Each structure stands twice: as structure tokens, then as C-alpha cells.
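There are 2 protein chains.
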Amino acid sequence: MKQVIQALGTKLAHDQISDNDTVRELHSKDETYQQTSLPDIVVFPKSTEDVTHIMEIAQEYQTPVTPFGVGTSLEGHVIPYKNGITIDFSLMNQILEIKEGDLLVRVQPGVTREQLNKELKKYGLFFTVDPGANATLGGMAATNASGTTTVKYGVMRDQVRDMEVVLADGSVIHTGNLAAKSASGYHLNGLFIGSEGTLGCFTELTLQVYGIPEHIVAARATFPSLTNAIEAVTSILHAGIPIARVEFVDEASVEQINKFSETNYPVKPTLFLEFHGNESGLQEDLAFSKEIMQDHGCDHFNSETDNAARNRLWDARHNLAYAYIHDYVGKKMMLTDVAVPISELANSVIYAGEELKKLAIPGGILGHVGDGNFHSLIMIDMENEEEVKKAKQFNEKVVQYALERGGTCTGEHGVGVGKKPYQRVEHGAALDVMTNIKKALDPNNILNPTKIVDIDNEDKL
Amino acid sequence: MKQVIQALGTKLAHDQISDNDTVRELHSKDETYQQTSLPDIVVFPKSTEDVTHIMEIAQEYQTPVTPFGVGTSLEGHVIPYKNGITIDFSLMNQILEIKEGDLLVRVQPGVTREQLNKELKKYGLFFTVDPGANATLGGMAATNASGTTTVKYGVMRDQVRDMEVVLADGSVIHTGNLAAKSASGYHLNGLFIGSEGTLGCFTELTLQVYGIPEHIVAARATFPSLTNAIEAVTSILHAGIPIARVEFVDEASVEQINKFSETNYPVKPTLFLEFHGNESGLQEDLAFSKEIMQDHGCDHFNSETDNAARNRLWDARHNLAYAYIHDYVGKKMMLTDVAVPISELANSVIYAGEELKKLAIPGGILGHVGDGNFHSLIMIDMENEEEVKKAKQFNEKVVQYALERGGTCTGEHGVGVGKKPYQRVEHGAALDVMTNIKKALDPNNILNPTKIVDIDNEDKL
Chain A
1 MKQVIQALGT KLAHDQISDN DTVRELHSKD ETYQQTSLPD IVVFPKSTED
51 VTHIMEIAQE YQTPVTPFGV GTSLEGHVIP YKNGITIDFS LMNQILEIKE
101 GDLLVRVQPG VTREQLNKEL KKYGLFFTVD PGANATLGGM AATNASGTTT
151 VKYGVMRDQV RDMEVVLADG SVIHTGNLAA KSASGYHLNG LFIGSEGTLG
201 CFTELTLQVY GIPEHIVAAR ATFPSLTNAI EAVTSILHAG IPIARVEFVD
251 EASVEQINKF SETNYPVKPT LFLEFHGNES GLQEDLAFSK EIMQDHGCDH
301 FNSETDNAAR NRLWDARHNL AYAYIHDYVG KKMMLTDVAV PISELANSVI
351 YAGEELKKLA IPGGILGHVG DGNFHSLIMI DMENEEEVKK AKQFNEKVVQ
401 YALERGGTCT GEHGVGVGKK PYQRVEHGAA LDVMTNIKKA LDPNNILNPT
451 KIVDIDNEDK L
Chain B
462 MKQVIQALGT KLAHDQISDN DTVRELHSKD ETYQQTSLPD IVVFPKSTED
512 VTHIMEIAQE YQTPVTPFGV GTSLEGHVIP YKNGITIDFS LMNQILEIKE
562 GDLLVRVQPG VTREQLNKEL KKYGLFFTVD PGANATLGGM AATNASGTTT
612 VKYGVMRDQV RDMEVVLADG SVIHTGNLAA KSASGYHLNG LFIGSEGTLG
662 CFTELTLQVY GIPEHIVAAR ATFPSLTNAI EAVTSILHAG IPIARVEFVD
712 EASVEQINKF SETNYPVKPT LFLEFHGNES GLQEDLAFSK EIMQDHGCDH
762 FNSETDNAAR NRLWDARHNL AYAYIHDYVG KKMMLTDVAV PISELANSVI
812 YAGEELKKLA IPGGILGHVG DGNFHSLIMI DMENEEEVKK AKQFNEKVVQ
862 YALERGGTCT GEHGVGVGKK PYQRVEHGAA LDVMTNIKKA LDPNNILNPT
912 KIVDIDNEDK L
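Protein chains in written order, with our numbering: chain A, 1 to 461; chain B, 462 to 922.
Do not take every clue at face value.
To be verified - In silico lysine-lysine, DSSO-like type, Cα no more than 30 Å apart, as pairs:
#1 K152(A) with K792(B)
#2 K152(A) with K46(A)
#3 K583(B) with K118(A)
#4 K792(B) with K729(B)
#5 K439(A) with K751(B)
#6 K439(A) with K268(A)
#7 K579(B) with K152(A)
#8 K439(A) with K881(B)
FYI, nobody ran anything at the bench for these hints, they're computed from the structure. This one's a predicted model, so the numbers in the text were calculated from it and none came from an experiment.
Could you put together the complete structure from these sequences and hints?
Pasting the structure below:
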């Protein structure tokens, strides 16, 4: 590793390279229960050229490279299980260009979503994708992140027009162009997004943004049972109402919200909703949705047009994972993340809820039910082997249930190492195609090894 | 080739294999000016198993394989320049399942979009993507087709949840799942869609469908100049109005429409528009759009809510290419297909219009301007070498103009052979990544060779 540090020193400034223990420790983990592992070196590139140099050196010395944003991933994506070099993109955090006339922005990968939205607000624009964490846009692209607005605006993959990517050999490509659509060549944008650092490092992203909607109404609706709430969502989707957000939060999670965000929401199965549009269209959507929810037993409905009140509601929702973490000091968070076809949603959530009860580990169910995606969040005592085992079995059961019904093991968090055991059963022979692509683009397997695919079974955890 | 026919005969019925001259001739061309080339054999599979057998035999005898829908492609995609086997999917034309509750349908690749929509109508559903031709859904997926509703609903790639694909070695994979979103593994759906038969043959598709909107208004607006019309579109997009269709048709093309469709539209630069939504929201969108268009000099605005009148308007638009073909018997159609960022749209269309005038070849400009995508359609006398040369130079100029402004050489028709000369300049080093993927998935280059990428420069046309 000395040689690698020496080689890096010929290309990067001294303060861009660190083998300090604290720095390494900070780059040994993400936000969940996955086992930690230290990088040998952490580097802080300031430019695409820096990244190219790093990749060339890594290739020369066959050193694993793991890209790192702010470490908010949830399946161990950024944990360097084969050690080597971690590339921390925090110094590449510039918003390079806001192309108002094209509704596009060009950013470096270390820009966070909140940083971008703060800047966009000055132009009356916003970036739609909002995972709970204030993640970097590079990380969000790497995991194909999504969030509460996905039901209307789509996932990360839908927002990216172009990326600059440094490949395993240090060469630099662009994966797309700036037009709204293209049928030119293979869809590299789509391939690299969600590749979790296993095919290349993103050094620049051009993203689609939207005008802040003229009219926004947020709402909260409570139901006598989980089943009622989820069935209401299914009916809203079937009615084709262009809802902008529809989030489910179970009773245990409402309690956590109330504690952490100092709200006073009734402790009942709850939907958080939002509507965007022109004034009259929105009122009609709102009224129709309310009617549908009442048909499904909604016992309390409360809507907010005021900006501050809306923000408070969504901050409460976004802080929910942290609310659990805050309340269970010393425990680690595990999240299931299945997504299922709409017709299977109600039964899947009921199934997960019942299994969660049996588990007797603290946790709750929440999620982006408009996309058929929900999380069972559980707080595990990692010292308690029995509990860890039970939690893993629970995860497996929920995934198995979803896969048997045409769903996916991960709707939005990505594979990392946590969902790798389910890749073969989910993808079948298609996993071999993925492996072949990985081998073609990273023949020495230096890009975030151990994630998504196994190369020659050598890196099974 | 005799051996190949013999081998095919052991797996397929006699009437599923043809080397008849008329059949081969029908599979030697598409709808445009590209040079024709005959397949040696045409096969008609009835099942995935049949396709697997065909691929295994093709692999064994190193015979090129070209998939064929109904031959409506526009860049020579289905023309077998290396001869070999053409797989005609017309017998795989079953709608396998309509999953109303999931807003999904499962179809075989030979189902056409009109066939699907006719069936979906019974359920109050529709499939959004509408290229001019009544193409097969397999072909539309292979070229990442789009059309007039893309501005609201997206391209083909946005509609596909899952595909069954037979790979070069005959193995069968699924590229996705049935959930609305997924972050599991590499995005094979996205990669295979738009791969134009070069990575595999699609044998089944699961597609997203929508409820037929409750309220639809179509409209026609005329403008004193092309510039006014295009700038009106740019303003509508900037205003964030969720318009469902916005098509530009120039004066020459309106004349063709009037002749072919027996309409009596004023011969002026025209926008055809459509709005979908709830009643009051739609009225507000319509009024706002009208106001914007009037600000841009709109001198005639006419809206239609009646179903028959709307259909007549859109049929006229969809038949425009045929109108030209019908009027210029013996000539061949060439289409530019660039897409550019919104801010470049007006200037790009003006530039193409001016170059088209200089050309003095019959044609017009039309297109899906809401996506920044437009076509210059020209009718070429293929016997006139000078005209062919001038037409190719024109195509090149328009593409060059778009690429210099961050656009793409093809918004929706795909690469085939017609847009292959622009792949290197558009994609740069990314073309090598595409080539590596092709080599990894089709090492013997038997899948639709000569299309999209050049393998070892051996198959340059």
C-alpha cells in the first residue's frame, strides 16, 4: 500500500490523501447494521483529472476502489470490504451550471440534494428526488435512489440526462446527452445509474429539474386499520389521480414521529399525501381523493396549503428513520425495501405487519406505497445473536413474499451487500448477463468489489 | 445455408421456414431509402422455445440473425446486410394477459400497438406510445420508439416493466420485474430496449398502461411563422403545463395532410395539441396555453372535445408520412430525427427549415417538439445521384447542428445503419463501452450485425 500512496502522491496534493485512522474509520461504515471494514487510504479528488489519476494508479496496483458520498447508504454500498482506496467526493461539491431555459442543472457528484434545492429555489425550480437522507447526488445516482415524489416524477434514473464517468482504466465517457429523449446507441445512462460504483465513478451529472408547482396541498389522513389505508392508496392509483406524494406510516412510526418531531399526530395508520397542479385541477384531485379515502374508512382528514405547515409535515416524515435511531441508542437499523405490483400491495404490507408483530423487535412499517414500495424498519441489538438471526430471517421472508408475486427485493435502497443474497433468485440467468457486463467493463474487478455481483465467487461475504 | 435449413427443419414445422423469393424480398427492406438486402431464410417462430432453437442453430452455424416485426423501421434496422436468418415475429402476436389491477399487460412481440389499444379499450385502458406506423411492440421496444404522447407519458423505455429475452446462445432471461420501481441489479430493461436486435430477441413484454383520461381536449393552433409556433411550445414547456401532446407541422406538411386526409386545415405553421386531465384542471391548462400561444402571435385556435373529431385530427397527423409517400410515387423517404435541448429548439428548427429550402427537394418539417424532437422529411429520387448526395449532406448538417448543441442524432427512430455514421461523434469513447457490451453478450456477432456498433470494423457498410 506504501507504493500506492507514493504513486498517488505524485498526482494529488498531500492533503488529498489520508491514511489517518479516524478518517479511515469514518469511511468504514454506512447508516445500517452491515459489518464495518476499513479502507487503507482515503483520497479526496478535486477534479475529473484527479479521479482519472486515481483510477490509473488503482488499475496499475490492482487496488480496489470504493466511491463515497456522505455515507448514507443503507445496504453497505460504501463499505470497502476488500479495503484499498476509498474515493471521497466531498471536495467535488460544486453546482456547475443552472440552465434555466432547459430545466437542467450540471453538478459535481458531491453536491447534496438539499444544497441543490437551496440554490434552485432562487430560480423557482426544484429537484424532485428526496430520499430521507441528505445524500449526495452522485450517491443517489449510484443507487438509483427515489423517494416520496417518485409516484409523480419518477426515480433518479428518470432525472439524469447525462453523466461524466471515469471508467476502470481511467478513461472518461459521457453516458447521455441534453435532449429530452434519445434512441441513439445503448442506454448507458440507465446502465450506470444504479451500478453502485461497480462500473465507474461519476464525476459530473446533468439532471432534469422542474418549476416549483404553482399550487401545492399536503394532507394527512388516518384510518382504522393498515388494510384500509393501503386499499385507499390502491384505489387512488387506479383512479389515475396524478398524486405527487402518498406515504404510509404505521402506528409505531407515528409515535416515533411525534416523539422526535414534537408533533401531535393521532397514533393511527396514516397516509401523508401531496397534490401539485393548477388551482382548480388540484382542488378536484383533492376532493376526489378525499372521497375515495372516505370510502375506505378514513376517519380524519387534514389538509395544509401553508408552506411552513407543509414543510413541517414532510420534515417529520423525512426524519422518521432518524427518529428511530435516536430513540434506540446503541441499536442498528435494518430495513426491508421490497416493491410489489399494485394489486399485491395491500396483502404484502399486511403480511409484513403480521411477521413484524411476531418478531417482537422494535420497528414499524412505512413507505412509498404509491410505488408499491414499503419498508419494515427494525432496530436490532447487534450483540444479541438470536435477534440478528431473527431479523435476517424476517428480511428474507418479506423479500421471498415479494419475489413470488413479481416484485423486487429492493425498490430504492439498492443491492450493496445486504440484498446480494437475493440477486440470483430475483434475476435468475439475467444475473449472468450482469456479471458479463461487469467483467467487460472492469476486467480486474477493482471497482467496488463485493457489491451487486460476485466475480468468480471469490468475493462472497 | 442448406445445413442451416436442415437443422431448423428438425426443430420447426415445415411452414415455419421459408426461402421463397417473395418472402425473402418482403424481408429485405424497411420504410425508407436504405439499400435493400435479402435474408437467406425467413423463419416464423410460434414460441420462446422456437426462438431458442433458432438461436442455438444460428450460433452453431455462425449465421447472422435479424429480428423482424412488420418492417416499419426507418433506418434500415431490419435489413439483413449480412443475410442469414430473419426471424419474423408475426405468429407471436398474442395478448397474453391484461392485469387490470396492476395497470400492466403482457404481450408477445408481434402484437401491434393498434391491436393492443383495440383490446385495452374494452377495459377503459390505453397504451401510450404511438409512432406514426402501426408497428409491433417488439419492434417499438427494440428501437425505443416514442411518439406524440411522449411529452407527457414518456418513451417506450418508460413503459416496459419486464421483457423475456432470448440471448445469442439461446438462453432465456427476464430483464425486469412487475414492481413500479426497482434498484436491484443493473438496469437490463433499459439496456435491451433500444438495442435494435443486437443483444437479444424479445419474446415477451410486460408493459405499463393507463386509464383512458376522463377528459381529453385536442386543439389546433396556427401561427404566422415557424418561429412563433416553436417559441410558443418553448413557453408552454417552461410554464410547466402538463400537456399531453404538442406537435409541429409546417406549411408543406399541412398541404400533404389536406390532400391525403381530405381535411381543410389552413396552410400555415401549425401546432396540434392535446390535454388530458380532470375537467376543471384541463380547462385551466387549456386557457393558459391559449393565452401563451396568443402572446406568440397565434392567429387561429380551434379545440375539439368530440371523440370522432379528435381521432380525425390525430389520424391526419399520424398519416403524414404516408401522405408524402402516397404523393411522391417512386421516391424514397429520408427523415432527420434530431432532438435538442429546449433552449435550442427554435433555432434548430429554423436552421433545418432554411437548409431544407436551399435543398429544393420536396419535403417538410414536423415533429414532437414538446420533446425537442423534430423531423425534416424529404422525398428522394434514388436514381438521381446528385439528389441523394444533397439529401445525405442535409441530414449530416442537421445532425451536426444538433450534436454541437448537446442534442442527439436520433430522438426516436434509432440508429440502424442510417445514424451509425454519427455514433462516434455523438458518443465519443462511450461508443467503445457499447462495443464492449455487444462483444460480451454476443461474442460471435450474430445478432443483427452491422447495426448500432461496428465489431472489429469488419462490418462497415
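Going down the list of hints, with the structure as the test:
1. This hinted pair does not check out: K152(A) and K792(B) have alpha carbons roughly 45 Å apart, beyond 30 Å.
2. Between the alpha carbons of K152(A) and K46(A) the distance comes to roughly 35 Å, so the proposed pair goes past 30 Å and is violated.
3. With a CA separation close to 47 Å, the supplied pair K583(B) and K118(A) exceeds the 30 Å bound.
4. A threshold of 30 Å between alpha carbons decides the hint, and for K792(B) with K729(B) the separation of about 25 Å falls inside it, so the pair holds.
5. Of the supplied pair hints, the one linking K439(A) and K751(B) is violated, its CA atoms being roughly 54 Å apart against a limit of 30 Å.
6. A threshold of 30 Å between alpha carbons decides the hint, and for K439(A) with K268(A) the separation of about 50 Å lies outside it, so the pair is violated.
7. With a CA separation close to 27 Å, the supplied pair K579(B) and K152(A) stays within the 30 Å bound.
8. For the suggested pair K439(A) and K881(B), the alpha carbons sit about 26 Å apart, so the restraint of at most 30 Å is met.
The structure shown violates the earlier hints numbered 1, 2, 3, 5 and 6.
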